[in-house]
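Protein chains in written order, with my numbering: chain A, 31 to 610; chain B, 31 to 610.
I should point out that these hints are in silico values taken from the structure, not numbers from a laboratory. Among the clues, some could well be false.
Copies of one chain are not kept apart here, so a pair can be met inside one copy or by any two copies together.
Claimed, not checked - Keeping only pairs whose Cα atoms sit at most 25 Å apart, straight-line, the calculated SDA-like set for lysine to any residue is: (1) 475 with 192; (2) 526 with 356; (3) 526 with 248; (4) 288 with 608.
Number of protein chains: 2
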Amino acid sequence: MAIDVNKVRHSAAHVMAEAVLHLYPGTQFAIGPAIEDGFYYDFLLPRAIAAEDLPGIEKEMRRIITGGHTFERKEISREEAKAIFADQPFKLELIDGLEDGTISIYTQDGFTDLCRGPHVENTREIRPDAFKLRAVAGAYWRGDEKRPMLTRIYAWAFESKAALEAHLKLLEEAEKRDNRKLGRELDLFSTHEEAGPGLIYWHPKGGRFRVALENWWRDEHYKNGYEILFTPHIGKSWLWETSGHLGFYKAGMYSPMKIDEDDYYIKPMNCPFHIMIYNTNNHSYRDLPLRWAELGTVYRYERSGTLHGLMRVRGFTQDDAHIICTPDQIEGEIAEVLRFSLFMHKTLGFKEIKAYLATKPSNPEDSVGAPEMWSTALESLRKAVDKEGLAYEIDEGGGAFYGPKIDLKVKDAIGREWQLTTIQFDFNEPERFDMTYVDADGQRKRPYMVHRALLGSIERFFGVYLEHTAGAFPVWLMPDQAAVIPVGADFVDYAKQVTAKLKSAGIRALPMLSDERMNAKIRDAQNQKIPYMLIVGQREKDESKVSVRFRDGRQENGVELGAFVSQVLDKIATKALDLH
Amino acid sequence: MAIDVNKVRHSAAHVMAEAVLHLYPGTQFAIGPAIEDGFYYDFLLPRAIAAEDLPGIEKEMRRIITGGHTFERKEISREEAKAIFADQPFKLELIDGLEDGTISIYTQDGFTDLCRGPHVENTREIRPDAFKLRAVAGAYWRGDEKRPMLTRIYAWAFESKAALEAHLKLLEEAEKRDNRKLGRELDLFSTHEEAGPGLIYWHPKGGRFRVALENWWRDEHYKNGYEILFTPHIGKSWLWETSGHLGFYKAGMYSPMKIDEDDYYIKPMNCPFHIMIYNTNNHSYRDLPLRWAELGTVYRYERSGTLHGLMRVRGFTQDDAHIICTPDQIEGEIAEVLRFSLFMHKTLGFKEIKAYLATKPSNPEDSVGAPEMWSTALESLRKAVDKEGLAYEIDEGGGAFYGPKIDLKVKDAIGREWQLTTIQFDFNEPERFDMTYVDADGQRKRPYMVHRALLGSIERFFGVYLEHTAGAFPVWLMPDQAAVIPVGADFVDYAKQVTAKLKSAGIRALPMLSDERMNAKIRDAQNQKIPYMLIVGQREKDESKVSVRFRDGRQENGVELGAFVSQVLDKIATKALDLH
Numbered sequence: 031m032a033i034d035v036n037k038v039r040h041s042a043a044h045v046m047a048e049a050v051l052h053l054y055p056g057t058q059f060a061i062g063p064a065i066e067d068g069f070y071y072d073f074l075l076p077r078a079i080a081a082e083d084l085p086g087i088e089k090e091m092r093r094i095i096t097g098g099h100t101f102e103r104k105e106i107s108r109e110e111a112k113a114i115f116a117d118q119p120f121k122l123e124l125i126d127g128l129e130d131g132t133i134s135i136y137t138q139d140g141f142t143d144l145c146r147g148p149h150v151e152n153t154r155e156i157r158p159d160a161f162k163l164r165a166v167a168g169a170y171w172r173g174d175e176k177r178p179m180l181t182r183i184y185a186w187a188f189e190s191k192a193a194l195e196a197h198l199k200l201l202e203e204a205e206k207r208d209n210r211k212l213g214r215e216l217d218l219f220s221t222h223e224e225a226g227p228g229l230i231y232w233h234p235k236g237g238r239f240r241v242a243l244e245n246w247w248r249d250e251h252y253k254n255g256y257e258i259l260f261t262p263h264i265g266k267s268w269l270w271e272t273s274g275h276l277g278f279y280k281a282g283m284y285s286p287m288k289i290d291e292d293d294y295y296i297k298p299m300n301c302p303f304h305i306m307i308y309n310t311n312n313h314s315y316r317d318l319p320l321r322w323a324e325l326g327t328v329y330r331y332e333r334s335g336t337l338h339g340l341m342r343v344r345g346f347t348q349d350d351a352h353i354i355c356t357p358d359q360i361e362g363e364i365a366e367v368l369r370f371s372l373f374m375h376k377t378l379g380f381k382e383i384k385a386y387l388a389t390k391p392s393n394p395e396d397s398v399g400a401p402e403m404w405s406t407a408l409e410s411l412r413k414a415v416d417k418e419g420l421a422y423e424i425d426e427g428g429g430a431f432y433g434p435k436i437d438l439k440v441k442d443a444i445g446r447e448w449q450l451t452t453i454q455f456d457f458n459e460p461e462r463f464d465m466t467y468v469d470a471d472g473q474r475k476r477p478y479m480v481h482r483a484l485l486g487s488i489e490r491f492f493g494v495y496l497e498h499t500a501g502a503f504p505v506w507l508m509p510d511q512a513a514v515i516p517v518g519a520d521f522v523d524y525a526k527q528v529t530a531k532l533k534s535a536g537i538r539a540l541p542m543l544s545d546e547r548m549n550a551k552i553r554d555a556q557n558q559k560i561p562y563m564l565i566v567g568q569r570e571k572d573e574s575k576v577s578v579r580f581r582d583g584r585q586e587n588g589v590e591l592g593a594f595v596s597q598v599l600d601k602i603a604t605k606a607l608d609l610h
Numbered sequence: 031m032a033i034d035v036n037k038v039r040h041s042a043a044h045v046m047a048e049a050v051l052h053l054y055p056g057t058q059f060a061i062g063p064a065i066e067d068g069f070y071y072d073f074l075l076p077r078a079i080a081a082e083d084l085p086g087i088e089k090e091m092r093r094i095i096t097g098g099h100t101f102e103r104k105e106i107s108r109e110e111a112k113a114i115f116a117d118q119p120f121k122l123e124l125i126d127g128l129e130d131g132t133i134s135i136y137t138q139d140g141f142t143d144l145c146r147g148p149h150v151e152n153t154r155e156i157r158p159d160a161f162k163l164r165a166v167a168g169a170y171w172r173g174d175e176k177r178p179m180l181t182r183i184y185a186w187a188f189e190s191k192a193a194l195e196a197h198l199k200l201l202e203e204a205e206k207r208d209n210r211k212l213g214r215e216l217d218l219f220s221t222h223e224e225a226g227p228g229l230i231y232w233h234p235k236g237g238r239f240r241v242a243l244e245n246w247w248r249d250e251h252y253k254n255g256y257e258i259l260f261t262p263h264i265g266k267s268w269l270w271e272t273s274g275h276l277g278f279y280k281a282g283m284y285s286p287m288k289i290d291e292d293d294y295y296i297k298p299m300n301c302p303f304h305i306m307i308y309n310t311n312n313h314s315y316r317d318l319p320l321r322w323a324e325l326g327t328v329y330r331y332e333r334s335g336t337l338h339g340l341m342r343v344r345g346f347t348q349d350d351a352h353i354i355c356t357p358d359q360i361e362g363e364i365a366e367v368l369r370f371s372l373f374m375h376k377t378l379g380f381k382e383i384k385a386y387l388a389t390k391p392s393n394p395e396d397s398v399g400a401p402e403m404w405s406t407a408l409e410s411l412r413k414a415v416d417k418e419g420l421a422y423e424i425d426e427g428g429g430a431f432y433g434p435k436i437d438l439k440v441k442d443a444i445g446r447e448w449q450l451t452t453i454q455f456d457f458n459e460p461e462r463f464d465m466t467y468v469d470a471d472g473q474r475k476r477p478y479m480v481h482r483a484l485l486g487s488i489e490r491f492f493g494v495y496l497e498h499t500a501g502a503f504p505v506w507l508m509p510d511q512a513a514v515i516p517v518g519a520d521f522v523d524y525a526k527q528v529t530a531k532l533k534s535a536g537i538r539a540l541p542m543l544s545d546e547r548m549n550a551k552i553r554d555a556q557n558q559k560i561p562y563m564l565i566v567g568q569r570e571k572d573e574s575k576v577s578v579r580f581r582d583g584r585q586e587n588g589v590e591l592g593a594f595v596s597q598v599l600d601k602i603a604t605k606a607l608d609l610h
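Please build the complete structure, drawing on both the sequences and the hints.
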C-alpha cells in the first residue's frame, strides 16, 4: 500500500510536539501542519532554543517513535475540549474559532493534541531515519505581528530514508545552482538594497546573455508573424482607470507620480499601451490576426521579504505579446502560440513540459465575458494542448476573472518545475477600451484578445536557466564562448592573434593573458563554464593548430584553427545544446 | 556692405506698430523684438483681429516703407519718456523697469517708440517684398497669465525677397517632412494626450525601423569594444541624493513614488546605475578602459507646451554609454568615441557634421573638478576633433558644472542642423560615488568618466531621420522593403509565392493582394516610400522574372528574381544609401 506522506508528516509534527513537551515542560502549543517537504510546529517555549538544541529533540522523537504508540482519535464536545486544553491558551483560541460540528483530538503516548487528522495508525509508521529537524525560526501567532512571537521548528520528513536523502541532495544541488550565488560568481548581475531591492542590474556578461537571447527572441517573433512594439513605461491615471487596473490590480502597482496636475503610474502591464495603438486606427477583419509583441519592462509591488534574486523581483521585462483576432481565428492562433512556445522551450533544452489549464471561476459574479466566449476560449486551449500531445492538468475555476488560461511549466535539470509560459484570454479590456473591427458583413465587432508571455520574464527566465544549467549555457548564450590561454609568456602575442581570429569570426573570445600559471587560468575558465579553452603554444603555432579543452573535461589536441572556428559557428548558428 | 538683418527686422517691427496705430487708433504697444526669422509685436488692440486683417496691415506697412522715412534716435530723461508715453501704460511700466542710464527713443514718420535700437537709417532699407506677416496669436503681457492677454502679430522678414522665398520654401518642405505628419501617414508612431503627452507609442512599422537600428547599434558597440548593460528604470532616493541629481537636476525629474516607506524616482539618466555596477566589484587598472553602453529609457520633465512629436518628449531612450578609464587612456578613448560617432552618422548618410566644444564655466564656483582635469579633458576633446579634421566652434564657458563636452550637429537634407551626439566629461559623479581603481603602483585612484550618446535618443533620432529622409529610409531601415503587386487577380497566387521567396531570404516583403487596381497599389507603395515594387504578371511568371519599379521612379523589366534578391540583400548588408 502506498504511504500517505502527508499523514506521516502531520503525525511526526505531533511526535515533535510531544518531544518538546518532555524536554521543555510548560511549553504552549500553537499549530503544527504538514508542509511541502516535511512539517513545522509553532511553540511558545519556556526558554529560547537554537539550532544546537535540535539534535536533542530529534533523539527524543526517535525514542517516542520506536515506542510503537497508537494514534487514537476521539470526538469530543467544545466543553470537553476546553477542559482538556485549559492550560493551552492558543488551543483555546483555536477551539473558540471552530465552527460548530465535530471537534476531534488525537492522542499518542499520552500526548493529546487538538487535530482534525488524519494520522498514521502507529508512531512506528514514521521512519526514524526519514526525517530531520531543519531550522528554528520566529513566527507570529496567526501571522499577526501584534500577537506573540512563537518559535517555529521546521523539519523535513519523507516516507523513506532514500526519499529524505534524495531531497537533501536536491537541496544541496539547488544551493550550488542558486541564481544569486552564480550571479555573483559569474559576475552576471547584481541587486542593490540601498538603491532599491528587487531591481536587477545586468552586468556586462549578463548583458551578453540577454542580448543573444533577445536577438533570437526578436528574430523568431518576426519569423512567426509578430510585430514588435515599444511603449512607454508610464501612463496617466486615465489609462489605468479605463483598463480597470486601478480597480482590480492597485495593490500590485506603485503609488503615482505627479506630472503637472496629473497622476502617472509606472506600468505593471503592457496591455493598455498595445490597446492604445490598436485604437489609433480603424481595423477591418482583413487586418486580423494581429500579433503584437514587446519586451516590455513592468514594475509590480512585491513585499520586500518575498524578493529573491532573479526569481522574484519588483521590475522585470515580460516577453509579452497580445494577439487580437476574430472568433474564427482564435483556435488557430492559440495552437500557433502553443507550438511557438514549445519550440522556444525545446530550443533552450527543456524536455519535460506540462500544461495547466485554468477554467472559469465557479461563481458567476467572479468573471466577465459571455459564457459562450469562455467555452470557445477553453475549447481552443484544450484543442491546442491535445494537438501538441501535451500532458495537462485542469485547475477547475482557477481562471482569472477576465478569462481562462494555460500555463506551461518546464522541468529543470534537477527535477524542479518552473512556470514560464502563460497564455491568457482577456474578455475585460477589449470591452473597457471598446476595441472593434469591421467584419466582412460591415458590422463593428469585438475582437478576441489573448495575452501571452513565452519565457515569462527575461529576469526570471535568466534565473531559471542559470539554475537549470548551473551557468553552463549552450554556446550561443555563453557570455564568453572560448578562452584563449597561452602555455607561457612567449605565446602571448600568438594568443592575441588567435583571439583576434575568433573575434573577427564573431565568436566571443576571452584572451587570458595575465602572468598567472596556465593551470590557474584553465581552472578559472572552467569555473566560468567557458565551453572551449584553446591552449596555444609552440606546436600549435607551427601548424596553426590548437589544443582544445572542452567545458565537460574532454580534450582534443592538434585541432586546426579554421575547423574549430567552423565547429563553434555551427554550434552557435544551430543553437546546439552540446559542444562537440 | 552686408545688411544687418536683425536691424531690418527690428525696424520693420516699428513700421508694423506704426501701421497698426494708423489702422487701429487707440492701440496700446507692448514690445516688438526681432526673432530668428523675422519679428513680432505685442499690442492691446481696440478690437480683435484675425489672419484676414494681416494683408491690410502689410499694405499700410509698404506704404510707410516706400515713404522713405528716417529712423531718428533721441536720448531723453526718464521724465521726458514718461511724458511722451503718458497714454501707453505698458511703455510706462517698461520705463519704470529700466535701470538708470540712457533712455532712448526712435521715431520714423512721426511714430515714436521706446527703444534701445539699433535700427536701419531709413524705412527704404526694409525691402517691401522681403517680409510677410505670418500669424496672429495671443500672448500674456510679460508672459504672466495673470496679466492682460495681448495680440501678437508674427512676421517673417529677411534682407531680400530671395531670402524670404528660400525661407518659405524651407518651411513648406519642412512641413511636408514634419515627423508628426509622416508618423501618422506612414503609421510609424503615435502619442496619446489622454494617456500622457510626450510619450511615444511605436507602431509595428516604427518598431521594425527601431529593431533594425538597435540591432545595428548593438552589433557596432560590441565590435567597438563596448559591453551592453540593462539597468532598472527606478531608483530609491538614496541613489539620486548620492549622484547629486536631487540637488542639481530636480526640476527635470518627476515626483517620487512611494514603495514601502521609501521614495523612488523614475530615472532621468542612466549614469548612477552604471556606477552602481562599477562599484559592485573592485577594479584594477588592467580592467580599464570600460565602455559600458545601454539603450536606457529615461523620463524627464518638459513643459507640456514645449512637447513636439518625436523631437521633444517626456520619455526617451538614450543610446547611452559611459567610458571609465585612467588619465593616460582618456585621449585615445575620446578619439575613439568621436571616430565611432562619425562612422555612425556617415553610415546613416549625414555628410555635414560640425562639432561644438563647450569649455569650463568662467566662474570657479560654477564647476567641480581640478583645473588640470579640465585642461586634460578639453585638450583630449580638441585633439580628437583635430584628428578627424572636423569643423568646430568653441562655446567658451558653456560646459556643464561637471565637465567640458563636445556636441556634434548634423545637417539634414534641407539644410537644418540637428544635435545628435554629445560627449561629456563628468568630474562630479566619480567623486560622489567614490569610484576607484587600483593602479599599477598599488594606489587607489579616481578614474575618468565620460558620458556619451551618439544618436542622442532613439526617439529624437527617429524624428530627425524621418525629416531628413522624408520617410524614404535606406533599404536596411525600411519597415517594408519590397511591395509585391500582382497585375491582376489571376496572379495573386504567384504574388504570394514571390512574397514567400523574398521573406524566406530575409527581405521584409509586403504582398498587396487586395482587389484594388494595380495603379492604386503602386501609388500607395510610393506614398509609403517602399524602395522596391515588384509587379508580377504573366510574362514574369513564365520566366521567373519580375518588373521592378524603384521608389525614385526608375523601372526595370524582366529582372530575374534571384538576382533581385541578391541585389536587395547586398543593399541591406552594406547599409547602402542608394537603391540600385
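These are the hints, each one checked on the structure:
1. 475 with 192: neither (60 Å within a copy, 56 Å between copies)
2. 526 with 356: between (58 Å within a copy, 23 Å between copies)
3. 526 with 248: Between copies only: 24 Å across, 33 Å inside.
4. 288 with 608: Intra 52 Å, inter 47 Å, cutoff 25 Å: neither.
Taken one by one, the earlier hints fail for this structure at numbers 1, 4, listed in ascending order.
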